[in-house]
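**Student:** Here's the letter readout for the chains.
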Amino acid sequence: MLNQFMSYLGSNVTPGGANNQLWALIYVLIIFAGVSVAVMAMNWFERKALAHFQIRLGPMRVGPHGLLQPIADALKLMLKEDIIPQEADQFVFWIAPVIGLLAAFTVYTVIPFGPSQAVSDMNIGILFMLGVSSLGVLGIVVAGWASNSHYPLIGALRSSAQMVSYEIAMGLAVVSAILMTSFNASGTGTLSMIGIVRSQQQQGIWFIFKFFPLGLVAFVNFVVAMIAETNRAPFDMAEAESELTAGYHTEYSGLRWSLFMLSEYAAMIAVSSIAVTLWLGGWLRPFPNLLHAPGWDFVFSLFPGLTFLGLAAIAFIGVARMPAHFSFKIQRIGLAAFAAMLGFIALLLLLIAIAGRSSSSDASIAARFREGIDYVYWFVLKVALFMYLFIWLRATWPRYRFDQLMRIGWKVLLPITLGVLVLTAIVGVIVS
Amino acid sequence: MIPLFIWALDSPLQHPAGIAAFLISVVAPVNGEMAPVATPFFFYLLSGLAVAGGFFVVTRHNPVHCALALIVTLIAVAHLYLMLYAPFVAGVQIIVYAGGIMVLFLFVIMLVNIERASKDRRFNRIWPVGLAAACALMGLFVSAFVKGRGLFPDRMIKLPEASNTQEIATALYGEAGRMGQYTFAFEIASLLLLVAILGAVIMTKKRI
Amino acid sequence: MAEEVKSPAPPPPEGETKSTAEKPAAAAPPAAPAKPAAPAKPAGPVPLPWTSPLVEKYRNQYGSAIEALTYLGQNYLNVDRSLIPDLLRLLRDQEQFDYCVDITAVHYPKREKQFDVVWILYSFPRNERMRVKTQIADGASITSSVDIWATANWLEREAYDMFGIQFDGHPDLKRILLPDGWKGHPLRKDYGILQQDKEWVQINLGIESGQ
Amino acid sequence: MSDGTVKETNEISGQAPAHHDQSHLHLEAPEKPYLDSNELIINMGPQHPATHGVLRVILKLDGEKVLGTECVIGYLHRGVEKIGENRTYTMFNPYVDRMDYVAAVSNGLGYCEAVEKLMNVEAPARAKYIRVILTELNRIASHQLWLGTHALDIGAMTPLFYTFRDREEILKIFEKYCGARLTTHAFRIGGCQYETYAGFEKEVKNFLAFVAPKIDEYEELLTTNRIWLERTRNVGVISGDDCVALGVTGPVLRASGVKWDLRKAQPYAAYSEFDFEIPTGENGDTYDRYLVRMAEMRQSLRIIEQAVNGIPEGPIMGKVPKVIKPPVGEIYHSIEAPKGELGYFIVSDGSTQPYRLRVRPPSFVNLQALDVMVRGLLVADVIAVIGTLDIVLGEVDR
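Chains as they are written, first to last, in our numbering: chain A, 1 to 432; chain B, 1 to 208; chain C, 1 to 211; chain D, 1 to 398.
Simulated from the structure, these hints should not be mistaken for laboratory data. One thing to keep in mind: the hints can contain errors.
Below, simulated DSS-like cross-link-like pairs (lysine-lysine); rule was C-alpha separation at most 27 Å, straight line [stated by the list, open to error]:
(1) D:Lys-325 / C:Lys-189
(2) C:Lys-198 / C:Lys-174
(3) D:Lys-82 / C:Lys-198
(4) D:Lys-264 / D:Lys-205
(5) C:Lys-189 / D:Lys-82
(6) D:Lys-117 / C:Lys-189
(7) C:Lys-174 / D:Lys-82
(8) D:Lys-325 / A:Lys-48
(9) C:Lys-110 / D:Lys-325
(10) C:Lys-113 / D:Lys-82
(11) A:Lys-411 / B:Lys-205
(12) B:Lys-205 / D:Lys-65
(13) D:Lys-60 / C:Lys-174
(14) C:Lys-198 / C:Lys-183
(15) D:Lys-176 / D:Lys-205
(16) C:Lys-183 / D:Lys-65
(17) D:Lys-319 / D:Lys-176
(18) D:Lys-319 / D:Lys-117
(19) D:Lys-82 / C:Lys-110
Since the model is a prediction, treat every value here as computed from it, not as a measurement.
Please put together the full structure from these sequences, using the hints given.
**Tutor:** Structure follows, in structure tokens:
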């Protein structure tokens, strides 16, 4: 077993590719835990960011600056009474959130956080992602139906129509990105997620800038479709609270409801990961081909540490700005500890970066570690920007009406993505 | 859902395996060769799921339950494709059937009056006809099973899975200016679908 | 005493002199015991006859069934119940009173014709307000004006809800503010609040009294 | 009235039986096909996030298309008119604040002026100016609250917080003036009870300077926002003639192109002395109503500015006896409340209590137009139209 580990660590492939079930399981567990934590962090960040958009403070009571709020929420939801309406279809009501959650989490098996930082590198990776994420709608539809209530039913109907329509635009946008992978020497493209990023590396360009503005248009279309696909504002028809109270999950409460929330946020992160992988170079740092001297590698590898250092500094400023009242003492200590933790992580990352640099020529453990951190850092950073985009849109825009949503999907996005696909093919053939 | 979960843990590149496969592989020494693990086990598991799903489709009174059972069947079949080293077909099966068509099915089922449909008797007078058809189909399958390899000798070759997608593309579209084996049929099918789409639009739209 | 003038007994179709002669006899006796202090009050403004081309026109048409008065600069017509739909329609069509501001009622339990029904009208082109009033007895009905002003729908429903006045030809005359099973019409003067309250509490809460 | 208008009116009223017939709310298809598509009957409210209180709307839907509506109201009925008959004129004064509780000052103004008119007295000039300032401030506050909730109904969360932040400044002025923020009871019959506090004028002027850019800020978020335009344009269209026939008043009427404002048409308080415009719309859709209300806020700022600059010195209470005892008679007086024409019809029998006190609530009458406005639209539009009517259930139900 140890041999397996070592052989895998020595290899340059994913655990799936290395035929290493144990390592794959560990990866899956890491990803599950990581995504759950990310969802909690996202929850906190969304509430805080939204609050500051809206000139309020957001959660401030549970922990310093509400840092423990997601944990408190999760506890509350777990302890809440779980109500199943008497008229509901018990079995389907029970299984609906599970379907949504499974679909949302299964997608993560093919998301490449780095060239070997993925559970597996399927050769139909992107197809698998689209397929599994399209199963997520089943959870919503079935939940709305099983509630046996009018608002959830309308929410479910809206949701199914919306997802089926936007999936087409989304798929076509994805196809145009896949098409771009094939404009290389061998002339064959790839459906593998890792292969797509590698192809961007080889061609020396993120696909968002390829055949400007074709890549950009496809990317924008994909982003619109992905917001619709995840039922987020301004396309949050399925759970429009001012119209349908809570849409498809009106009748849900407690843990089951929190599963829906979990899967919604997990799906948001998943689709953002697709966008990052397909158009924004996945794990690649900016300018990997232009600035590729070892010196530049070192400079860019300092970013993770510096980011954490910045966060720690913000937290320390927060400590300093806390009121000097004695009732804030515990909060103060807590925030200071949090800041110290962030600072410690920052130091660790910086140390690794420096250690990895000194022996960057050979494949020492430190260098491999540094590389892995870099990959994951750039990937997560790009995804985090998308998360901010989601929040920003939610804070700024009103909600579309259902017919307008469908009109945009069918009459705007679909023709544009089709056109982009055809143009990409033509331009690609002419250029290559 | 179980097959999905298994798939989550697995790398279809080498073999469709999951928790069970993992347990087996921990117990048994892994040989260097990339051989599928516990193939019969998963084959029977998936086949059983597919058959059970099909059984529920025809027996459940509630149309939504039927649809859910059908989804289980479709996913199980997708996994069978995977075991046959046809990942592209499996992916398309899930996207198109489980993710697209079944959602539309559910959409329609929700719009209609389920109360009445579920009260009707499932097995009405034409059940002998159905039984006869099922028996005939069964006979066909049995004969194919008995004749076995003799029927499809050239299809038992193990194809390289990694290039599965490319081979489908070659068969459909051809390569280097040469028409593929099924290009014509493929184009005809897409034309038919286009006509069907237009027809559906015209039939539903009151004013164009 | 101004009340007789304000809410006179309905004048008979012919003979205005007769109606004015009857007025004190008809309305004063019930009103007197209610407010014995009323005659001693300092003299406030009293309603004066209202003269205008509009009034002349309709007085010529309908004679003494119309009584036009003005009080504190606000004009109103006291009309016989039988004129109601026609006169309102004429007011809208010929005199441009195109906006029905309000329809309400006043209850005078001591009178023979217990209810004043009041239409408050406004004319956008003339920038002028007027009121039309008529008297009806308890249980008597009056023609609905929903097909003259669509707004009358809810206003009449409210008058029905609160006073129990029947509007003939109303498309859906049912209670609007109170629950369907409510007993009585609360804005009538003889409606006992406490009694109703007690009854509801006893039935619904099973206790003696909510007070 | 021209023939065309008459016909139009008849057409509306001709529809009325169908609207309010109970039977239309039942599924009437005599023979259902085997798999019929359901007509949903949805009960929106009384507890629903977007019905602004306890309005209950029964929607009959074909898919999401609205085939008909029926409003069920009265959940907040408190018998204000009956209370009025059992309280003295003075005692009843605070009760009117509880009707349209977001525009309590307007309610008080209408009531006080109606009783004053009935008693044939007049408030002094300074009191009238104070009344105008506070009423217009309240109009801005009411419109701000409307804007925030309306935007929230359409899905824009953020304007709500902006408007509430700025409305707070108005409430602070109210609080300093009379001690209450919402149900102010600011005016008395015959004038005002309280003299303005020290620095009142300065604070009001500061507020004017503060809020003008804020109104621009709201407009920046919404006026040219594409989604906002799509959600509000051509939604809930009602023509001017329909408005008149349905008795709809206030910004809804003006957005349909009828230039009518009681402050101009029949000026009360000190409104005849100020220079301001009546903003109107053209299409009578939700977007025009939004624009009209935004413009009204700016006009209110103009009025307040003139009033603060020209506020005269003098007494604030007219010659009113200690015991309010109007002579026998009846009066109807109405003012332009933020929601429309707010009228008081008071019958006095010469005693200290009104013999009959009728309130003509603008929200109640405006709400009647909901059915006409939402037919054929989608569920989401019903929410937008309820929002754009700017109803307050306290006033609808009284």
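**Student:** Work down the list of hints and note, for each, if the structure agrees.
**Tutor:** Now the hints, each set against the structure:
1. This hinted pair checks out: Lys-325 (chain D) and Lys-189 (chain C) have alpha carbons roughly 20 Å apart, not beyond 27 Å.
2. Proximity of Lys-198 (chain C) to Lys-174 (chain C) is assessed by CA-CA distance (about 25 Å); at most 27 Å being required, the pair is judged to hold.
3. Straight-line distance between C-alpha atoms of Lys-82 (chain D) and Lys-198 (chain C) comes to about 17 Å, which keeps the hinted pair within the 27 Å bound.
4. This hinted pair checks out: Lys-264 (chain D) and Lys-205 (chain D) have alpha carbons roughly 24 Å apart, not beyond 27 Å.
5. With a C-alpha separation of about 9 Å, the suggested pairing of Lys-189 (chain C) with Lys-82 (chain D) holds against the 27 Å cut-off.
6. In summary, the hint linking Lys-117 (chain D) to Lys-189 (chain C) is supported, as the alpha carbons are separated by about 25 Å, within the 27 Å threshold.
7. About 20 Å separates the Cα atoms of Lys-174 (chain C) and Lys-82 (chain D), which keeps this hinted pair within 27 Å; it holds.
8. The straight-line distance between the Cα atoms of Lys-325 (chain D) and Lys-48 (chain A) is roughly 58 Å, outside the 27 Å bound, and the hint therefore fails.
9. Between Lys-110 (chain C) and Lys-325 (chain D) the alpha-carbon distance is near 22 Å, which keeps this suggested pair within the 27 Å criterion.
10. Pair hint Lys-113 (chain C) plus Lys-82 (chain D) holds up; C-alpha atoms about 21 Å apart against a cutoff of 27 Å.
11. Using a Cα cut-off of 27 Å, the hinted pair Lys-411 (chain A) and Lys-205 (chain B) holds, with the two alpha carbons roughly 16 Å apart.
12. Of the pairs offered as hints, the one joining Lys-205 (chain B) and Lys-65 (chain D) holds, with about 16 Å between alpha carbons and a cut-off of 27 Å not exceeded.
13. A threshold of 27 Å between alpha carbons decides the hint, and for Lys-60 (chain D) with Lys-174 (chain C) the separation of about 20 Å falls inside it, so the pair holds.
14. Using a Cα cut-off of 27 Å, the hinted pair Lys-198 (chain C) and Lys-183 (chain C) holds, with the two alpha carbons roughly 13 Å apart.
15. Of the supplied pair hints, the one linking Lys-176 (chain D) and Lys-205 (chain D) holds, its CA atoms being roughly 15 Å apart against a limit of 27 Å.
16. Taken as a hint, the Lys-183 (chain C) and Lys-65 (chain D) pair is broken in the structure, with Cα atoms around 37 Å apart against an allowance of 27 Å.
17. Under the criterion of a C-alpha separation no larger than 27 Å, the hint pairing Lys-319 (chain D) with Lys-176 (chain D) is consistent with the structure, at around 26 Å.
18. As the CA atoms of Lys-319 (chain D) and Lys-117 (chain D) are separated by approximately 13 Å, the hinted pair is consistent with the 27 Å bound.
19. For a cut-off of 27 Å, the pair hint linking Lys-82 (chain D) to Lys-110 (chain C) stands: about 18 Å separates their Cα positions.
The structure shown violates the earlier hints numbered 8 and 16.
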